[in-house]
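Novice: The lines below spell out each chain.
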Amino acid sequence: MSLAELQRQLAASLMQGAPAPGGCDPAAVTRTARALVRKRRDAVRRLVPALWTALAGQADAAFARHAAAYRPAGALLHIDDAWAFAETHRRSPFGPVRRAARDELTRLRLHFIRRHRRGRPAVRERRGPAAGLLRTPRLRLVWVWR
Amino acid sequence: MAAAAAVGAAVAERSLGAGVSYRPEWRWEVVRHRDRLGCIEVIADDITGPAALALARDLGAAVPLLLHGIGLSLGSAEGLDPERLEQAAAVVAALRPPWFSEHIAFTRAGGIEVGHLMPLPFTHEAVATVARNVAILRRRLPDVPLALENIAYTVQLPGAEMSEAEFLGTVVRAAEVDLLLDLENVHANARNHGYDPLEFLAALPLERVREVHLAGGVWHDGHYADTHSRPVPEASWQLLDWLLPRCEVGAVIIERDSELPPFAELLDEVHRAGRALRRWAA
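So the sequences go chain by chain: A and B.
Under my numbering, the first residue of the first sequence is numbered 3, with each subsequent residue one higher.
Under my numbering, the first residue of the second sequence is numbered 5, with each subsequent residue one higher.
By construction, these hints were calculated from the structure, which means they are not laboratory data.
Errors might be hidden in some of the hints.
Pairwise CB distance ranges (calculated) [stated by the list, open to error]:
hint	chain 1	residue 1	chain 2	residue 2	range
1	A	Thr-90	B	Ala-94	32 to 40 Å
2	B	Arg-144	A	Gly-121	39 to 47 Å
3	B	Arg-234	A	Pro-51	18 to 26 Å
4	A	Trp-147	B	Pro-149	32 to 40 Å
Glycine included, C-beta positions come from ideal geometry on N, C-alpha and C.
In isolation and in its complexed conformation, chain A is listed as follows (with noise of 0.2 Å):
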């Protein structure tokens, strides 16, 4: 096998569940595969730690479907799955954990901008001061000036 194809196998074993590359132990790619979970989850619980307050004991769970349905993508890595994962409770039906979901997405859009290019999303940080609005624990506008 080239290491083109090794890297590609490896890579759709970590990250999108596929069977680990020939001669590869299959419990050492899932041990990894975990691993790189908990490194997402640790990095994103850091970025949006109001939205995983909210969650209360549903977090991980919660972290656990969203790791398994998305890959994030470009440089700021965890920016991004952090986006996401934020992205997906902006319309949850519990009002703390919706007001928790758009404060940190305002929070995020304060110093990075996340755009889709070639189908993919893009983060980068933000140039020229912003401003948005925050709910909790009192409706605030918050701004940043460079």
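Please arrange chain B on chain A, whose structure you already have, making use of the hints.
Specialist: Using the frame of chain A, we list chain B on its own:
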């Protein structure tokens, strides 16, 4: 403060001393304790715009700055991502670090971002791939020395044509780069794959070691995970004590990515690393 400053300051002509990997939570602590830091290492991939660049410049004005890449994927058989290459080149040109480091690993393939450093098979094809990608990187960074880091890995890839230590040595010689030796990764791999870390180190081209990383991990499901979430274990400190008499190290960086402790605890580890560097630089 004077004694602490002596430890953090440069300990040899080539050496910056000991420092930490930068985390945004430590922004003010880095400036406040700059006299106790020989250097600070910033992730180049995080500098994606003028605000991050300005912050890095401010940090570099306080403490000598090293730049460390994590997403160039120098081991990718598919080649380098032009956008990431340009971003790395722009950041290096703007900040002019004494050297630029990346990893002997791949992070993407087939359009999939893995989000972590994945191992390469210990083969001649992988050596040639890294050397080819480094040559492309060097054309964009002609004036900056390059160093490549060994990684921790769980999955052993098939088709090995040499040992891991031989592979690392062959890569740095073929790519004509220095070695960033992560001793915690050596410690983790030795635990998980059952080899003697000192025999491993002895088989490396130690004359090429430019920088050392230290960190701490945790046991998870019977395996040692390189999580960068704990203090540096004694086993890794012992590897540093073995290494320093055998090579001239330009910097030792204490890494911590999660479960961040009070900065004073990091400074204790920086102090210990700086003391070890000074002992062997004398």
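Novice: Quick one: which hint numbers does this structure break? Sort them smallest to largest.
Specialist: 2
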